[in-house]
Amino acid sequence: MSAVEVRGGAVYDRGYRPYEGRRGRRGAATFALYKASIRRALGIRRSWRQKVAPFLLLGIVTIPAIVNVGIGYVTRNRSLLDRIQIITYRDYVGVSSALLLFVALVAPDVVCPDRRQHVLPLMFARPLTGVDYVAAKVAAIASIVFAFSFLPQVVLFVGNMLVSDSALNYFTGHLDVLWKVPLSVALLALYYAVVGVAVSSLTDRRIVAGATVIGLFLITSIAAGVLVGNNFRFEGGSPAAVINVLALPLYLRDLVFLGHIDPASPLNGVTNGGLLAIATYVAVLLAGMGVLLRRYRWVER
Amino acid sequence: MFIARPQPPASSLSVAPRSHAGARSCQTGGLVDDGPLLRIEGLTKRYPGATALDDLTVELPRGRIGLVGANGAGKTTTFRLLLGLTHPTDGSVEVCGIDVARDPVGVRSRLGYMPEHDCLPLDQTAADVVSTFGELSGLPARAARQRASDILDLVGLDEARFRPIGGFSTGMRQRTKLAQALVGDPELVLLDEPTAGLDPLGREDMLALVARLGSFGISVLMATHLLDDVQRVCDYVVMIDSGRLVVSGATESLLERTGVVTVDVGPGGNALVTALQQHAMPAVAADGVVEVTIDGDEQLDLVRDVIAELELPLYRLSTRLTSLDEVFLRRAEHTT
Amino acid sequence: MPDPAFAEEATVEVTDVSVWFGAKVALSELSCSFGPGVTGLLGPNGAGKTTLMRAITGLLGVNQGSVRIEGRDPRRDRGVHSRMSLVPEDEAVSAALTARQFVRYIADLRRITDRNAPDDALRTVGMLDAADRRVDTFSKGMRQRTKVAAALVTNPQVMVLDEPLNGADPLQRLRLIELFKQLGAQGRTVIVSSHILNEVERLAERVIVLVHGRLAAAGGHHAIRDAMNDRPRHVLIRSDDARRLAGALITLESVAGVTFDTARDGLVIQTVQARELATALPRLARDTSSRLIEVRALDDSLESLFRELVR
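Chains as they are written, first to last, in this note's numbering: chain H, 1 to 301; chain B, 1 to 336; chain Y, 1 to 311.
Hints are supplied without guarantee of correctness; some may be wrong.
Unchecked claim - Not everything, but these chain H residues come out facing chain B in the computed CB check (under 8 Å): (1) Y19; (2) R22; (3) I44; (4) R46; (5) R126; (6) P127; (7) A264.
Stated by the list, open to error - To spell it out: a stretch of chain Y is covered by chain B in this simulated footprint if at least three of its residues, at any positions, have a beta carbon under 8 Å from a beta carbon of chain B; those stretches are: (8) 114-121; (9) 169-182; (10) 190-198; (11) 287-295.
Claimed, not checked - Example chain H residues on the side facing chain B (calculated, C-beta under 7 Å, incomplete): (12) G24; (13) R25; (14) A28; (15) A32; (16) G43; (17) R45; (18) L122; (19) F124; (20) A139.
The hints are simulated quantities; they were obtained by calculation from the structure and are not laboratory data. Ideal Cβ placement from N, Cα and C applies to all residues, glycine included.
Could you put the whole structure together from the sequences, leaning on the hints where they help?
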């Protein structure tokens with residue numbers, strides 16, 4: 001028997017409760033879309049099958065770093081000259097087929113289903129404008145590409161640090177890497193995000209979008225190769241090298257790491273090659289954003 | 001000791017109270033605007049080759065409003081104009097005191113939209129979708145999840161909410177669509193043919209839900225081709241034909257009493273007609289029932305007494321109200 | 001009394017038909033028939049209405065039983081198709097054609113030689129003015145009417161229509177309902193499936209109700225209601241002195257329950273003997289001097305009947 005006397009009883013009807021709490025506007029909505037797009041691309045909150053491809057590709061992209069560290073470890077007791085480095089930081093900010101496949105996979109996945117399943121009217125019935133939508137989608141892909149390109153670099157750096165004679169010396173001796181890598185990876189990530197998402201926005205079918213992204217990169221790269229010729233190392237390159245949509249960010253990478261165009265690249269010897277590369281880069285970004293804003297302006301569909 | 005009891009799902013519809021919605025006025029940044037829900041002035045929208053809306057001027061109060069259209073894409077255009085997704089060719093729209101042209105984003109944060117077409121991502125669960133759309137409406141993530149759960153309770157999606165939408169029936173999809181429109185706690189929801197594709201029972205459930213929205217203080221603008229739905233659920237009706245306003249007014253005021261009483265006494269109708277005529281009441285047999293014109297409610301007693309005397313069974317007695325169908329027909333025929 | 005599942009002068013006979021798709025049984029030993037006039041085909045989603053319509057028009061074969069149109073098998077006898085038309089719910093109309101071109105195309109397909117047939121059909125559905133506009137500029141309702149015109153151009157004796165009013169605005173709905181009634185009155189067998197029950201009430205003299213692939217009810221809806229006399233009826237009575245009237249009514253044996261319904265502002269009487277109640281009511285009201293403002297059966301509509309059947 002309880003010593004406490006229970007007084008009274010009441011029934012509460014839950015019914016409908018209006019929302020009285022904090023409510024964000026465009027900024028909050030855009031950020032929410034950004035997060036939701038990332039979740040979608042990486043298959044978070046969806047079935048395991050959706051997660052396989054992105055993370056598998058991440059693994060593939062990280063392999064060179066691991067191998068490099070492994071070899072560094074195995075050869076650590078040899079003299080400096082004998083040590084083999086498979087890959088440098090600059091090389092690693094590169095374009096691998098894995099990265100290309102990755103962009104062709106995730107970029108369509110964040111914009112094509114919205115269009116195909118006619119979800120867009122629901123999106124735009126919210127405090128979200130076309131500009132916000134584009135910004136969120138591009139930022140989402142850029143963030144993912146950045147993360148997936150940056151992580152292997154971190155693995156490489158930390159691994160190298162640990163297998164070197166002195167971790168601290170390695171660290172202080174490679175301070176420039178600490179800003180060069182993030183900057184060039186960011187330039188790369190933004191670029192691929194804009195191109196990937198812009199191309200994907202043109203269609204509502206993911207496979208078509210992915211194939212078009214890959215096709216665009218391959219075709220321009222082949223065309224540039226043909227135009228530049230095979231002897232650019234000796235006879236100098238050609239401005240036509242910037243047509244290579246796929247490899248364009250690499251010229252900017254070289255500018256970051258080296259301060260000038262890499263003599264071994266197809267832009268070698270072109271007057272104002274660096275400026276040309278930067279201008280083309282900016283032009284591509286603007287063109288991509290132009291396409292996107294046109295596709296998602298929404299007013300007067 | 002107290003028990004928190006969830007409200008039972010609405011079942012039978014015909015009891016939808018038609019009083020105006022509970023007192024939730026439009027909130028405008030702290031100031032409460034008691035003005036009309038929608039103020040539309042001279043609204044015109046022309047496309048090359050067609051005029052969707054032509055000089056529409058109407059003021060609509062809070063509550064449940066039915067939007068009925070004929071001959072044209074008026075309703076879709078109206079929704080898009082309200083959401084600020086299209087600019088009018090001329091005229092203006094104010095939602096809760098906010099001019100849509102000046103602050104479309106502000107208007108959209110007060111609206112919920114349930115389109116007619118399929119619009120849900122099929123590979124996500126209902127809970128995930130509604131919660132994400134809550135965040136897209138500006139709610140913090142935790143609040144969005146909580147509200148999504150509450151709203152899904154409200155629309156009657158139980159365990160199904162954790163299954164991907166791809167496997168849902170039409171009824172479940174419609175409920176999910178309604179849920180995403182409500183999750184942001186809007187002041188006005190725009191419903192485009194909410195009962196489309198639903199079988200009669202699903203339709204009743206949906207209409208009951210819509211009717212309840214009024215009691216939560218949420219205004220409803222429901223576009224539909226079914227006047228029956230409007231008559232059952234809406235306090236106010238707007239009819240548009242070829243882009244022009246045909247009729248707008250409170251549903252009850254549109255349904256006039258005609259002064260004709262319909263009486264069903266089964267096979268004995270003719271005897272009743274004769275008897276009523278003997279009492280100087282104009283009566284006629286039509287379609288198996290008797291229609292008698294009365295002059296004042298006191299004559300109802302006379303009708304009753306005549307029937308009692310003849311010992312006829314009284315199956316039905318009702319004052320004929322015009323239906324919205326008839327109102328529409330009459331007005332539409334005037335404008336053609 | 002003849003079984004209401006079978007029409008007099010039946011043109012479409014469905015005998016013991018079963019259809020299954022893998023493990024799912026869409027129709028289960030269904031026997032019914034359709035004759036001249038308009039018959040409504042009702043049922044919840046997934047009850048088998050579309051399957052039945054496709055079986056009738058020969059688009060689908062039956063796994064068991066038989067379907068006969070005017071005595072002929074629509075699967076075997078190609079000739080039957082000239083007597084029949086199906087207007088499915090979601091079939092897309094070839095968008096690049098004008099309405100007239102589309103109807104003419106169908107007429108040619110079906111070898112209709114009468115040159116005026118397409119225009120006549122378009123006039124009947126009220127699309128003659130818009131006949132030269134492209135179908136992809138049409139609203140849903142106009143597309144529906146074009147499809148109906150195409151179905152009419154062959155002058156079919158049997159018409160099967162799946163949700164034909166879908167997307168039509170209120171005026172078009174009324175016109176189409178009148179049209180279908182007219183077609184039924186001409187002696188054609190018109191089978192219409194629809195979810196909007198109050199329109200089916202106006203349109204069809206007879207209904208066939210399917211639930212889970214089986215026949216749940218058939219006949220005129222008032223008659224069906226009467227057949228369900230083990231289920232209580234609910235009668236709404238509005239009066240100026242409800243309580244006094246209630247007191248008198250509760251003494252009747254035929255009254256099983258009395259409820260005060262505030263939302264409807266009246267009494268709801270529950271009874272299993274509708275006739276006895278109806279006969280006693282005027283007398284009791286007179287004796288208690290209660291004015292009868294409204295008397296109405298709440299479950300006499302096709303809607304409430306449907307609810308009972310499907311529950």
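Checked hints:
With a least beta-carbon distance of about 4 Å to chain B, the hint placing Y19 of chain H at the interface is held under the 8 Å criterion. For R22 of chain H, the suggested interface contact is upheld, since its CB lies about 6 Å from the closest CB of chain B, less than 8 Å. A cut of 8 Å between beta carbons decides the hint on I44 of chain H: the least distance to chain B is about 10 Å, and the hint is violated. The closest approach between the C-beta of R46 of chain H and any C-beta of chain B is roughly 6 Å, which is under the 8 Å cut-off, so the hint is satisfied.
With 8 Å as the threshold, the beta carbon of R126 of chain H comes within range of chain B, its nearest partner Cβ sitting at about 5 Å, so the hint holds. The criterion of a C-beta within 8 Å of any C-beta in chain B is met by P127 of chain H, whose closest approach is roughly 4 Å, and the hint holds. At about 46 Å, the closest approach between the beta carbon of A264 of chain H and any beta carbon in chain B exceeds 8 Å, and the interface hint on this residue is violated. Look at the segment 114-121 of chain Y against chain B: 0 of its residues bring a Cβ nearer than 8 Å to a Cβ of that chain, fewer than three, so the hint is violated.
Note: the segment 169-182 of chain Y has 6 residues with beta-carbon separation from chain B under 8 Å; the three-residue rule is met and the coverage holds. Three residues within the 8 Å Cβ limit are the bar, and the segment 190-198 of chain Y against chain B gives 4, so the coverage statement holds. Given a C-beta distance limit of less than 8 Å, the hint that chain B covers the segment 287-295 of chain Y holds, as 5 residues qualify and 3 suffice. Evaluation of the G24 of chain H hint against chain B yields a held restraint, the C-beta minimum of about 4 Å falling below 7 Å.
Below 7 Å, beta-carbon pairs count as interface contacts, and R25 of chain H has one with chain B at about 6 Å; its hint therefore holds. Given the 7 Å rule on beta carbons, the hint for A28 of chain H holds: about 5 Å separates it from the nearest Cβ of chain B. Because the beta carbon of A32 of chain H sits about 4 Å from the nearest beta carbon in chain B, less than 7 Å, this interface hint is met. A distance limit of 7 Å between C-beta atoms decides the matter here; for G43 of chain H the minimum to chain B is near 10 Å, and the interface restraint is violated.
Taking 7 Å as the C-beta contact cut-off toward chain B, the hint placing R45 of chain H at the interface holds, the least distance being around 6 Å. Hint status for L122 of chain H relative to chain B: holds, with the closest Cβ pair at about 5 Å, below 7 Å. Because the beta carbon of F124 of chain H sits about 6 Å from the nearest beta carbon in chain B, less than 7 Å, this interface hint is met. Given hint, A139 of chain H at the interface with chain B, is violated; its Cβ is 15 Å from that chain's nearest Cβ, farther than 7 Å.
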